[in-house]
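Asks: Which chain is which? The protein sequence lines are A and B, in order. Note that full-length UniProt numbering has the first sequence beginning at 1, numbered continuously upward. Note that full-length UniProt numbering has the second sequence beginning at 1, numbered continuously upward.
Read the hints as simulated data drawn from the structure, not as lab findings. Just so you know, not all the hints are guaranteed correct.
[Claimed, not checked] Simulated crosslink set (SDA-like; lysine to any residue; CA at most 25 Å straight-line):
id, chain 1, residue 1, chain 2, residue 2
1, A, 93, B, 55
2, B, 93, A, 55
3, A, 34, B, 37
Next come the chains, spelled out residue by residue.
Number of protein chains: 2
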Amino acid sequence: MDVVDIDAAFERFEETWSPRLAASLNGQELKVAKLEGAFVWHSHPDADELFWVIEGDLTIELREEPDRHLSAGQLGVVPAGVEHRPVADGLAKVVLFEPAGTENTGDAEGTGRTREVESLED
Amino acid sequence: MDVVDIDAAFERFEETWSPRLAASLNGQELKVAKLEGAFVWHSHPDADELFWVIEGDLTIELREEPDRHLSAGQLGVVPAGVEHRPVADGLAKVVLFEPAGTENTGDAEGTGRTREVESLED
């Protein structure tokens, strides 16, 4: 059983919008990501996605509903199929929880923003 | 999309060893629990279980391996089928992540410690 220190995990990489794998269980993955600025609009057709803000502030823009604002210590789940755009005003440290294999850009193609999930050791 | 504030979630109940449901996604559940003292030895035959300590300290005793100590900001996954006993020295606020329907006492019967997972609104 590995022990993961969340603060230390965020110290191991600098790249924004490139989630790192922190833990795997039950076919799901816990990832850590640094977010800054606006991402691309996308959805995950088959995956609910949990955002948990550890540090900073994150806005989840939604096409069909008002934006949601998450501060440090707050989390929310974007349901499968719901188009969303995460926007961080400044640097935000965020934990993601979603099925293994979920791509960061979901169904959005040709954005140049798709990243493989790297392990924290890379 | 509901926004859950983790600190506020822990303010909504006092009972120890009785997880509350904070979020559901992909057939999994994020629960918050207050732990104090020693729980019962048990395993979850089909469920990996993530422990994430938000406040306090938690020891995960394992039959076949050295104990693991988790402080605030640290997490670990107990694999399915691995017998374990959580022990909190003082009050620990912990987030659990596991498949929906996972019982707190797993395969341990007759302990008197099994609790239904209540919603935070109860």
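Asks: Work down the list of hints and note, for each, if the structure agrees.
Replies: Verification of the hints:
1. A:93 / B:55: holds (19 Å)
2. B:93 / A:55: Roughly 19 Å separates the two Cα atoms, so the pair holds.
3. A:34 / B:37: violated (36 Å)
The structure fails hint 3 only (numbered hints given earlier).
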